[in-house]
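Engineer: If you want the building blocks of each chain, they are given just below.
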Amino acid sequence: MITLLKNGKLFDPARNKNGVVEDIYMCDGHIIAKPAGAEKISQTYDLTGKIVMAGAIDMHSHIGGGKVNIARMMLPEFRETIKYSEPEAHICTPNCAHNATPTTTETGFRYIEMGYTAAFEPAILPINARQAHLEMADTPMIDKGGYAMLGNDDYFLRLLSNNADQKAINDYVAWTLHATQAIGIKVVNPGGISAFKFNQRRLNLDENNVHYQVTPRDILKSLSRAVNELGIAKPLHVHCNNLGAAGNFQTTLDTMQASDGVALHLTHIQFHSYGLEGDKKFSSAAAQIAEALNKNKHITADVGQILFGQTVTASGDSMMQHLNAKYANPKKSVIMDVECDAGCGVVPFKYRDQNYINALQWAIGLELFLSVTDPWRIFLTTDHPNGAPFTSYPHLIRLLMDKTFRNEAFAKLNLDAQAMSNLPSLTREYSLYEIAIMTRAGAAKLIGLNNCGHLGAGAQADITVYTEQANKEAMFGTPDYVFKNGELVVKSGKVVKVVWGATHVTKPAFDIGVEKNLKPYFDKYHTIQCDNFKISDNEIADNGRGKIVVNTKGQ
Amino acid sequence: MKSANINTFPITATCPACGLLCDDIALENINHQLKVIKPNCAKTVAFFEQGSGENSPQIAGKPATLQSAILKAAEILKQARKPIFTGLGTDVQGFRALYNLSQKTSPGLSHMNAASMARNLKVLQSTGWQTTTLTEVKNRADLIVCFGSDLLNHNVRFFERFVDVDGMFVTAKDRQVIVLGESSNQAIKSDAMQAASVLPCRATDLPSITMVLRALVAGKQLKATEITGVKVSDLQTLADKLKAAKYAVLAWVAKDLDFPHAELTIQNITETLAILNKTTRAAGLPLGGSDGDTSANNANTWLSGFALNDDALNDKFSEHDAMLWINSFSPEKTSPKTDKPLIILGNINSQFEQTPDVFIPIATPGLDSSGTLFRVDSAVILPLKKVRENDLLTLSEIVREIEKLL
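Note that the protein sequences, when read in sequence, are chains B and G. Just so we're aligned, residue 40 is where the first sequence starts under my numbering, counting upward by one. Just so we're aligned, residue 237 is where the second sequence starts under my numbering, counting upward by one.
Just chain G, with the same shape it has in the complex (with noise of 0.2 Å):
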């Protein structure tokens, strides 16, 4: 058992629910069970109220000792010559575990954000961007706008806590939200997003409106007058608002552009960006982030030099003969589905589609164990507290065992 701090007054803790990494949760524990105090944000809730679960590992879906669940995990590794650890759900130090553990089995490595993940990849790979982080939101932004969605599927507490609040060189009052997207009918309060003016549009007219948008802000004249349902007149008036701001923040979520090619689209929008820079001053917002993504990429990218996704994974994907799923953060969130064996190192509570050959449940970080994060913007990372009691060992410590045996 390890020792921790566990008590019944307010904790404060880090919540990995999603890629904002709010640090500002306050948690109580009664009775070993935790409970949020605040914020209302579902996700949160969701990840910190999460039930203690059946603390047992299993072989073919029997329980099993710790010790044979890990001997029959070294022992599908050890037979596989094509594995693929997938998933990826931890954080830096259960990663960089995973990353010594794959340079003895060279498996490929997919996390389970990948699709997503290479959409903003490639953009950076190819033109580069020009980027900014939550804290210059917060303080400078006087226009943002929103392409996709309102952001809200995804990070819950964007408005209430950077744009509904004064910064240091700009008034809540005014900022200027736009949206070009779908509206998430939450029904989350935010002042900034009740003024916000909404320019209704599927995600998939967005490669032509991000081009005609670019081509506007360019100067260009153009004959039409609607572009997939939108005004040119209004993307006009939005071209003019980007080049008045002094600071304009354009935002996306990778996860919401899921058609084909979306990275031209995410490229016109950084695009556009560097035409403002010429002029004025304007940045890119990728959001999102969940399931510890930006922390594998970057851990990744450190450790063998190179992006995470950045192989031809697909090949790996389809080849693969044992599959490794990792999945601390999510327990709703199940493995693809394979002919293969499977090993399943997650959260207490995981759920499952298909029955795995080996599962092990190992401590969330953030929740059952300590542990590090990447925000989504990665300029900000930020230590998890073991916020309740448990003996579940890290991914780290399973990995190391599963090592020795190899």
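With the rest of the complex left out, here is chain B (with noise of 0.2 Å):
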């Protein structure tokens, strides 16, 4: 059965396509060449005047495991915020319930409906990957993956501090792949998560953790080295040390440099741009953080933008988030050490135009969107949920995208923080084809998706399209048509028919013989047995459900 989308204005940057009319035809969940004339077509959209682009991905939303559960079960005010309207509320989608926590069903639903049709767990503590994997299955509509966190578990750092071979710290790199089913890898606060453990209570990049004897920047050089020579395509993520402490920048300056060129994605680098100056000894080093970004052409980076309401944060960074705890609106919060492995912080947040602060990082996100030149090395994100629920990305692409409306939200913040921000002078917006980029060839080139994020033969048939606004934030909050694996699925926004995506993953080869380490590791330290820790195909098909798919760099 082949649909045809007629007439599409294609908007597909991974094939150089800049608003090229264009049709595209699809058959069994994939996008297909245009076939030969015999070959009846059983459905065709016209799509005249309309623009066409792949399905968005997300590459940084925390959708699944157990710091957001914990965040949903602390907080029963988030009952309250469905009867939200502005200013209290986020501004969302049409349909938002304005809950930065939504359930699984919900965030399946709000994605697809802005025309999202992947999202990825940035933080899977691997010890806790089966709650991920099971959130995630019970999330609809859309494609979704993760990266598992190392390098705060005390099995690598232990290899590392043995001066383990690197062959030693590969062959457990891919094994935790594998076994947490994850597509990446991730590092939280390098070695800082372990150092709270033993009361460290702030780690600097060439600071030792107090019982390995090494250092973050040891460990970043180790991982990155592991995930480029294992070819993973998905570069190490790195939320770096110091997280949304003031003066931080510096810190995400040295990391930069940590992998020796290797590729390094750094992210939600907003929270991590923080300089000291000014009375209030907090100020933007987004410039810094730009121009150094705009060099080094081995850094990829995700903003992890903030937008003014209630939300909560939900970090593996149980160091920095005990320190943030203080600021906690509601006041509670959640820190968990777990298992040797990672630790845990939730701390909810209520960010404020007329905070100083609050306001500046809002300005801060902006002006590292606005001066990263590349679009193909900075993605569009809130840091789902700790900078904001991900339904308000239509409402960030439109202070993106123009510059009237962004420079009226900015004087709109507090005086003093706008003394201190440069944003009006950055008068740049965002074109379709930039936007395309950075929310799908990027994301997909990112992460690895063989037939993710564009439009191309053989793609995922993931396919959004939407009527050009002056309003931008109308536009890609209510497409016209989503398609997933070929199917119509929303239709002016609504969701007309329920799917259930895959999970992507990928499985580098590695020496089965780790396990002889690993096994009587976890027999004298672990409270599991080591085989329970791994995460089989079967559990994630979940009888027909769910379907993974291997991606392999290169293909």
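Any given hint could be a false lead.
Partner residues aside, some chain B positions facing chain G, computed with beta carbon under 7 Å [what the hints assert, rightly or not]:
(1) Asn108
(2) Asp376
(3) Thr566
(4) Asn571
Since the hints were made in silico from the structure, they are not lab data. In this text, a Cβ means the ideal position worked out from N, Cα and C, and glycines have one as well.
Now that you have both chains on their own, put them together as the hints suggest.
Structural biologist: Below, the structure written as structure tokens:
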């Protein structure tokens, strides 16, 4: 059965198509080349005048796993946010419940309604990976996947501390990817989460973890090398040391140099771009960070934009979240040490436009977006739900595409913050093509998704169709059509069919001999069997509702 | 008949009988009778060695076909305007199915452990807390303080598995255990428990004792020399030990704290931890757990956006006009009394205090079917195995059949 999408205006950066009018043919869930004359077209959508992009991909969004579920559990207050309207409510998509921690069902629905067809959980604690996958299994409509956290786990730190050879580390990293069914590796506050368990309260890039006597730099070097040598497409996903601390931009700049030129992705970089200038000793270092990003081609970043309103921050960074807990609103927090493997810190937050620091955080994020010149290396995120719920993406896109709208919003901010930002002097407006790079082609390339993020033959038929409007928030909040694996699932911004997406993983080759050391280690120090740590393909398949897609670099 | 690899060789299994989910259980299957080779845990033995029961659904106490029982259950639910789903003793997959069913019948959902779960939840939702997990305890804890009891009635192997062994950063002999509460006097062998100091007190004395301990840890001076039979000087010694410990773990089982406003006692413990963590490291450890309570709570939370038992269930409970009792794991636990139609989806050996209108035996996850459970610390989620052969349907399968008829 062939479906024809006729006469759409394509924004497909992976194939250099910038507003080209072209037909798309779909068959059996995929995009196909124009069929031979004899083949029957079963259905045709006339997309004359419409904007057509691949389904959008969120490369960093906390959609599954322990942290966000703790946030849901501890915040009955979010029953009230449903009644919110502006200005308390986030500026969200039409059907949004203004709840920063949506249910798994709402997560899938809200994403697909915005034309997003995939989202990636960036912080899977390996020991907790089964929960992350259970939650993602209950998330309909979209494809999903995640990055497994290493670098604070005792096993890795021991290897590093004992000067294990790189092969041993590579095998362990690959084994972890297989065991957790992940597509990438993340490190959060390298060495710091472990250090906090030994009562260290901050850890700088060249400071030793007191027990293992290794530095964050050592960890970054070793893990990025492993990722690179194993041929994992997704660069090491780095949440730098000193999250949210005034003056942390220097750590961020130094981190860019920590991998000796091996690719690194610095995540929610807005939270790591703070200077120490001004009366309040908190300033924007976006210019320095953007300059370094522009210069260092091996670095990519996502922004982690904040938007005003009630949300909750959920991070693996127990060390820094313990420090941040004093700013909690409502006043409560959950901090956990987890299984000699990782940590967790959940702190509710309310960002206010009249608060100096929050207002400047908002401006810093936008300064970064507008000052980083290469849209292939910067990604649109709010670090959902940490900066804001993902449902505010259409609003954020408008801020990037419409400088009048942006400057009006800026003029409402805390005045001291306005005085400390150069945002109004940044006149850049993102084009539709650049938005398509950031949210589609670039994200697919970064993660290493073989068949997503483009509209060429062979691609998964995940396609979003918009009507071009002057108000880009309205445009991106309500697509005309969304097709998932070739099926029409959203019409005029509303779900018309419920489907279940796949889980994207990568499975690099490795020496299974690594288990000779892991099994006794589990028996001696862990509290579960090594075999139970591993998640089988069958668990993901979930009696047929789920599916694994294995992505391989270079295919 | 579903296929499974059932044999007479030792089988390694995961035990759902308490929140620890020990996954090192060795079983053998001799002539269709399971036998626990190790460990020597009464709960584990009772769970795995339970009988295979009479596999017949019942309507009003009389044997019935599965189809007619399903039909009758659906009929009751269809007529009910305010049904309640309670017990909820199942695994993640079973809960997921029940949740879907609940979307069609909008019942109240209340776990059989709702009262004790609420004690912890109230603290989580009021101030939050700082907690740890079992592998951290095993490798790091140099001081373990148990509030209310020695935990052994609930988590039989806690000391054997996590305290009597050397960890990465602390040896077994360098750990100290202090119990503020009652010893359970069980014949359970534990080196750490034998060396433990016990400050005997009743659970109902804990509100004042934990308040004093919290004040002492905060550096306050007290005039009183004794509090409900416990010497303040002993509590001062405990406070000093807590401050000197590298990684103190404060453990409690909410079920032991069965008195009004027990959440305030738990909060005294967690706020003591907040003070300790200003200068050293310490963490809380809510223990206990049974009948899939942690799993039901977690799954409900991601499915509904909110914790289980979080809404005004008491009203729904008293006003219900039909009750569905789900109990996979604990045949001896019976449904609450009701004068309304009662449906039981339960373990094959289920006992009844009142004859249910409908009884359908279901596969017990970890015994008759595979499954997935959350450990009591919520950090670890483990697969359960089918370890004996029978043709019982899972809760999900039964619920799906009922749902089709609604």
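Engineer: None of the hints should be skipped; say for each whether it holds.
Structural biologist: Taking the hints in turn, this is what the structure says about them:
| no. | hint | in the structure |
| --- | --- | --- |
| 1 | Asn108 | 5 Å, holds |
| 2 | Asp376 | 5 Å, holds |
| 3 | Thr566 | 5 Å, holds |
| 4 | Asn571 | 5 Å, holds |
Every hint, counting from the list given before, is met by this structure.
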